[in-house]
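Participant: Heads up: the protein sequence lines correspond to chains A and B, in order. Just so you know, the first sequence maps onto residues 0 to 267 in numbering that gives the first Met the number 0. Just so you know, the second sequence maps onto residues 0 to 267 in numbering that gives the first Met the number 0.
One or more of the hints may lead you astray.
It does not matter which identical chain is used: a pair holds within one copy or between any two.
[What the hints assert, rightly or not] In silico SDA-like links for lysine to any residue, alpha-carbon gap of 25 Å or less:
#, residue 1, residue 2
1, Lys-127, Asp-195
2, Lys-261, Ala-194
3, Lys-261, His-80
4, Lys-252, Glu-59
5, Lys-1, His-31
6, Lys-1, Ala-46
7, Lys-261, Ala-248
8, Lys-261, Asn-167
9, Lys-261, Arg-191
10, Lys-252, Ser-107
11, Lys-127, Cys-45
12, Lys-252, Met-241
Worth flagging that the hints you see were computed from the coordinates, not collected in a lab.
Protein chains: 2
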Amino acid sequence: MKTVLIGAGNVATHLGPALQTAGCHIEQVWSHTRESASRLADRLDCAWTCDEMEVLPDAELYVFSVRDAVLEDVARRVYDHLLDVRSFSAEENAGADAFFVHTAGSMSADALPAPRRGVLYPMQTFSKNRAVDFRRIPIFVESETDEALLMSLGEQISDRVLTLDGENRRILHLAAVFACNFTNHMYDLASRLLADHGIPFSVLLPLIDETAAKVHDMAPRDAQTGPAVRYDENVMRRQLAMLSDAQTAEIYKLLSQSIHDKLRPEEN
Amino acid sequence: MKTVLIGAGNVATHLGPALQTAGCHIEQVWSHTRESASRLADRLDCAWTCDEMEVLPDAELYVFSVRDAVLEDVARRVYDHLLDVRSFSAEENAGADAFFVHTAGSMSADALPAPRRGVLYPMQTFSKNRAVDFRRIPIFVESETDEALLMSLGEQISDRVLTLDGENRRILHLAAVFACNFTNHMYDLASRLLADHGIPFSVLLPLIDETAAKVHDMAPRDAQTGPAVRYDENVMRRQLAMLSDAQTAEIYKLLSQSIHDKLRPEEN
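With the hints as constraints, model all of the structure from the sequences given.
Facilitator: Laid out in structure tokens, this is it:
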């Protein structure tokens with residue numbers, strides 16, 4: 000399947016090679032920055048461009064992995080370009096029949112202007128320089144026009160492909176923000192506290208690992224420990240007083256209150 | 000070393016067997032609830048009591064793993080009891096020469112009234128029914144009178160024993176609240192969102208595991224992804240609107256703002 004990758008960020012950097020391994024012929028990468036476009040194109044051994052007007056018009060699949068804020072604009076410009084080229088081209092099936100797919104958890108398939116469109120949402124946190132095993136990443140797909148094709152594409156790159164409608168995908172993405180982005184921010188706030196006192200972050204790793212491992216076997220509400228669930232007011236008051244950063248202190252208060260409100264205090 | 004365990008909660012339930020395996024003779028468990036005391040005593044094959052006045056007075060080591068809020072009171076009552084018994088006893092070395100140790104990250108060694116005292120803080124999240132490998136738990140010890148003894152005791156149960164003063168231990172405990180308790184609360188909030196829509200929590204586990212695994216290799220600030228670090232205002236506004244629970248919405252706002260304030264927005 001001749002494929003153009005629109006975007007060269009964290010998701011595209013991992014999805015591109017996975018698609019290529021699965022047999023997609025990635026012919027071109029578009030990104031609005033030269034450096035990102037050329038770097039990913041090098042890796043995929045394909046062409047690249049920063050100009051929507053130079054996007055190859057004869058691919059079968061256009062995969063959009065760009066920021067949600069620009070997705071509709073970029074997809075519209077690419078689509079208009081395909082229509083333009085098609086009207087001057089003798090080639091059948093170019094442009095308007097292409098399958099447009101985006102990878103955004105929170106965006107509707109309707110964000111794409113092509114009649115054949117769908118969503119392939121790989122639920123994982125991607126950083127450019129860190130390898131991930133795509134086969135273990137749950138992928139959620141949705142397409143009114145091409146569900147079977149998208150399922151089959153998903154199954155070529157992952158062992159866990161599920162169909163999910165847009166509303167539930169948005170819930171999933173929101174849950175992922177809590178379970179990943181906000182969790183990582185808790186790690187970051189902890190690392191800043193330790194750094195201020197010259198303590199290496201690595202001492203927290205066994206605790207971080209066990210906290211994640213626990214919820215494989217127990218519901219998070221049953222796994223909770225610490226001063227907030229015990230409602231140990233003395234400890235909480237003293238810990239709050241140790242936080243010199245006002246925003247971090249506010250987070251401490253709000254999260255301690257939320258733990259207390261959502262869970263019954265337990266005997267330690 | 001003849002040992003009495005004061006407390007039968009999450010920490011004592013794991014520390015007791017670890018100390019026993021390491022060669023401590025645990026003679027008795029005290030807890031203010033019969034059920035906890037008898038359950039742990041069964042496991043350790045030792046006596047138990049709920050009455051401070053019945054705590055065995057002739058042990059060498061008294062390990063206090065009770066809620067911070069009651070630590071000073073319980074330790075004081077046990078100590079006074081030892082002094083009482085000693086004054087009527089012919090036995091040498093009973094009571095006043097006993098080594099008192101507590102396991103609380105946020106409490107000073109001074110919370111204990113005995114002249115020989117120290118802190119042994121195992122930094123981990125313990126739940127009664129979940130096994131942990133104590134050898135991999137970092138243990139932080141502090142004692143003005145018996146540091147070598149406490150180090151040696153720690154090294155019998157863990158491969159990672161470090162001395163740490165009270166101020167740094169309190170910082171570590173505060174960092175652990177962020178990296179463990181608050182992180183687990185993020186998992187809990189995510190699980191509640193999913194449950195409201197009939198989506199099983201297990202779909203999040205690969206994401207949770209990768210989020211934890213990433214910070215073994217990257218600083219948390221470099222590992223961050225998602226709408227807040229991209230400052231994708233449309234997504235954040237829509238996600239906020241999906242949160243019907245006012246407190247959870249407040250958490251979403253505050254954490255997104257904190258991620259944005261602490262990290263530069265990056266291109267996705």
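Participant: Hint by hint, note whether the structure agrees.
Facilitator: Results of checking the hints against the structure:
no., hint, verdict
1, Lys-127 / Asp-195, "neither (28 Å within a copy, 33 Å between copies)"
2, Lys-261 / Ala-194, "between (31 Å within a copy, 15 Å between copies)"
3, Lys-261 / His-80, "neither (52 Å within a copy, 40 Å between copies)"
4, Lys-252 / Glu-59, "neither (52 Å within a copy, 41 Å between copies)"
5, Lys-1 / His-31, "within (21 Å within a copy, 70 Å between copies)"
6, Lys-1 / Ala-46, "within (13 Å within a copy, 74 Å between copies)"
7, Lys-261 / Ala-248, "both (20 Å within a copy, 14 Å between copies)"
8, Lys-261 / Asn-167, "within (23 Å within a copy, 30 Å between copies)"
9, Lys-261 / Arg-191, "between (27 Å within a copy, 10 Å between copies)"
10, Lys-252 / Ser-107, "between (36 Å within a copy, 23 Å between copies)"
11, Lys-127 / Cys-45, "within (18 Å within a copy, 55 Å between copies)"
12, Lys-252 / Met-241, "both (12 Å within a copy, 23 Å between copies)"
This entry does not satisfy hints 1, 3, 4, going by the numbered hints stated previously.
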